[in-house]
Amino acid sequence: MNEAAELPAWTLMIVAILLITGAATTLIGSLGLLRLRTFYERVHAPTLGTTFGTACIVIASVIYFSATGTRPVLNEFLILIFVTVTTPVTLMILIRASVLRDRSGNKQVASEQKRG
Amino acid sequence: MSMVLSWSIVVAQMFLSLAMACAAFRVLGGPRAQDRVVGFDSLYVSAMLLLLTFGIRTGSTLYFEAALIVALLGFVGTTALSKFLLRGEVIE
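Which chain is which? The protein sequence lines are A and B, in order.
Here our numbering = 1-based position in the first sequence + 3.
Here our numbering = 1-based position in the second sequence + 59.
Extracted from the complex, chain A is given alone in its bound form (with noise of 0.2 Å):
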């Protein structure tokens, strides 16, 4: 926090807002991941927390260093590409386990529920 003190306002204004933004919507999707009912209602609540707070956060983090100088700033985007990228491939192979495993038991799959 020594370096924080000579940054303009604007700057430390705008770290505080991305910063909250993108925490208070990873908290949402996390939320939603607890609350909902149905596992298909659930696999869509996190990925408000693996983009749009990803993005904030790093786009913070990217603000802040830049400003400050202490390194290389474009650090964080290596992060922020991968998760962005990684999770929903990993999602679809989870849907489609689980559309399996719900095919091959007792239980219907959601969508098939509704159209029947």
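These are computed hints drawn from the structure, not numbers from a lab.
We treat Cβ as the ideally placed atom computed from N, Cα and C, and that holds for glycine.
Just to be clear, a hint being listed does not mean it is correct.
[Unchecked claim] Which bits of chain B does chain A cover? Going by a derived footprint, with three or more residues having C-beta under 8 Å, they are:
no., region
1, 104 to 112
2, 128 to 136
[What the hints assert, rightly or not] If you want the footprint, here are the derived chain A segments under chain B, 3+ residues with CB under 8 Å:
no., region
3, 26 to 37
4, 62 to 71
5, 86 to 97
Once you have looked at the hints, place chain B on chain A.
Below, chain B alone, put in the same frame as chain A:
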């Protein structure tokens, strides 16, 4: 003015800790296996964001590398668990 940033970092860390608690509750009490895997996915992403906020708080570069490793290994772990649920074995 630095007070605004430090308090916002504290608030963001509280939010992310609550998000980790929700995901951990879903991991522990999820009715089926795929619920636990989704909870684990949300848990490691929240932990990675918490590491990034620690990095902003202390101004250290070590937290960034820890967050990158958490993202990489979390992806590998979630993919391995999903493949296990899909096929019954991880590497085929």
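Do the hints match the structure? See the list:
{"no.": "1", "hint": "104 to 112", "in the structure": "holds (count 6)"}
{"no.": "2", "hint": "128 to 136", "in the structure": "holds (count 3)"}
{"no.": "3", "hint": "26 to 37", "in the structure": "holds (count 9)"}
{"no.": "4", "hint": "62 to 71", "in the structure": "holds (count 5)"}
{"no.": "5", "hint": "86 to 97", "in the structure": "holds (count 8)"}
Checked against the numbered hints above, the structure violates none of them.
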